[in-house]
Amino acid sequence: MKTFEEKFNAWLDGLLSDEELKSFENEHASLHQDKAEFLKLKGLLRDNLGCRKLGNPDFFNSQIMAQVERETYRAGRYSRLLGVPRIALAGIFALCVGFALFFFMIPRGNLADPGSGYVAEVLKTKTADPKVRVTVDNKKDMTIIKLEGLDKLPPDKDLNR
Amino acid sequence: MRRSLGENAPIKLRKGCRFYLLAAFLFLPGAFATPVIATEHVWGCLLYASNSTKVFDLPSRLTGYDVRLRNGFGFSNYRVIAQRETAVGDRDENLLVSAGDIQVLLTNLSRASDGKYLVGILFLEGTKQVMETQARVGERSPLFIRGPDWREGQIIIVVMVGS
Chain A
1 MKTFEEKFNA WLDGLLSDEE LKSFENEHAS LHQDKAEFLK LKGLLRDNLG
51 CRKLGNPDFF NSQIMAQVER ETYRAGRYSR LLGVPRIALA GIFALCVGFA
101 LFFFMIPRGN LADPGSGYVA EVLKTKTADP KVRVTVDNKK DMTIIKLEGL
151 DKLPPDKDLN R
Chain B
1 MRRSLGENAP IKLRKGCRFY LLAAFLFLPG AFATPVIATE HVWGCLLYAS
51 NSTKVFDLPS RLTGYDVRLR NGFGFSNYRV IAQRETAVGD RDENLLVSAG
101 DIQVLLTNLS RASDGKYLVG ILFLEGTKQV METQARVGER SPLFIRGPDW
151 REGQIIIVVM VGS
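Protein chains in written order, with the numbering used here: chain A, 1 to 161; chain B, 1 to 163.
If you're looking for bench data, these hints aren't it; they were derived computationally from the structure.
Careful, some of the hints might be misleading.
What the hints assert, rightly or not - For lysine-lysine, the following DSS-like pairs were computed, each having C-alpha atoms within a straight-line distance of at most 25 Å:
(1) A:LYS126 <-> B:LYS116
(2) A:LYS7 <-> A:LYS42
(3) A:LYS131 <-> B:LYS116
(4) A:LYS124 <-> B:LYS54
(5) A:LYS157 <-> A:LYS140
(6) A:LYS35 <-> A:LYS53
(7) B:LYS128 <-> A:LYS139
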């Protein structure tokens with residue numbers, strides 16, 4: 001359903017259908033005076049404010065073209081800044097930095113257990129004394145080389161030097 | 001708008017510079033990341049293991065090993081007799097730790113490609129060579145050697161790479 005303003009504008013512009021025109025003029029008979037004033041004003045404006053041709057058309061054209069070029073350059077610069085290769089390179093770079101930080105900054109292994117990550121593997125043992133027997137006790141988190149048959153150290157021997 | 005070859009030259013130069021800057025940024029830190037073997041530190045320690053009722057603290061480097069020591073050696077108490085940290089130099093033999101006649105020497109140290117260390121250890125009593133061993137150890141992974149009996153306990157040698 002049209003509002004009063006819509007109907008009023010259409011009435012001024014002569015765009016109402018016959019039925020709508022009759023109905024609108026019956027409902028708002030007092031508006032004829034307003035229409036007469038509007039038509040008078042329209043005529044005055046048309047007579048006194050006609051299209052005026054501006055001078056120096058080349059100057060205005062060149063200004064417009066310069067503006068267009070500036071806009072094109074600006075758009076091109078932004079598209080170069082955010083181009084696909086650049087975004088891909090930035091992504092690769094960010095990944096590299098992320099991996100580098102991950103490997104160098106984050107300690108690996110179970111921090112609660114100091115034995116995690118323990119590596120001690122005896123490859124070779126040699127003893128000059130045939131009395132001494134060497135065995136290796138390899139546990140998950142502790143490797144012990146056991147020397148059996150060693151002479152007991154004298155109790156009075158001072159090892160605290 | 002097409003640019004001439006001369007106009008393109010500065011852009012190509014700028015792109016080339018950017019590539020070298022990026023490459024430098026990515027790879028230059030690598031030059032500082034690889035430690036030189038001469039700066040490696042090896043810690044040697046002599047412990048006296050006993051069942052004494054007197055309680056001693058373990059060295060901070062062996063924090064968390066108290067239960068394992070108790071289970072592995074069967075003694076309840078561990079006292080530090082001597083400990084020493086050595087910065088490994090170019091010499092063939094480095095004294096790791098000594099107490100009385102007991103000496104523990106580092107005969108070689110090299111870093112394998114997997115980041116582990118190959119260490120050579122020589123255990124001496126006076127001038128007598130008791131035992132020589134080659135082992136592959138990780139950083140901060142102590143290697144234990146059960147040494148001679150002394151008094152009511154035993155001497156334990158501990159060698160660990162990394163400070």
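query = Which numbered hints does this structure break?
reply = 3, 4, 5, 6, 7
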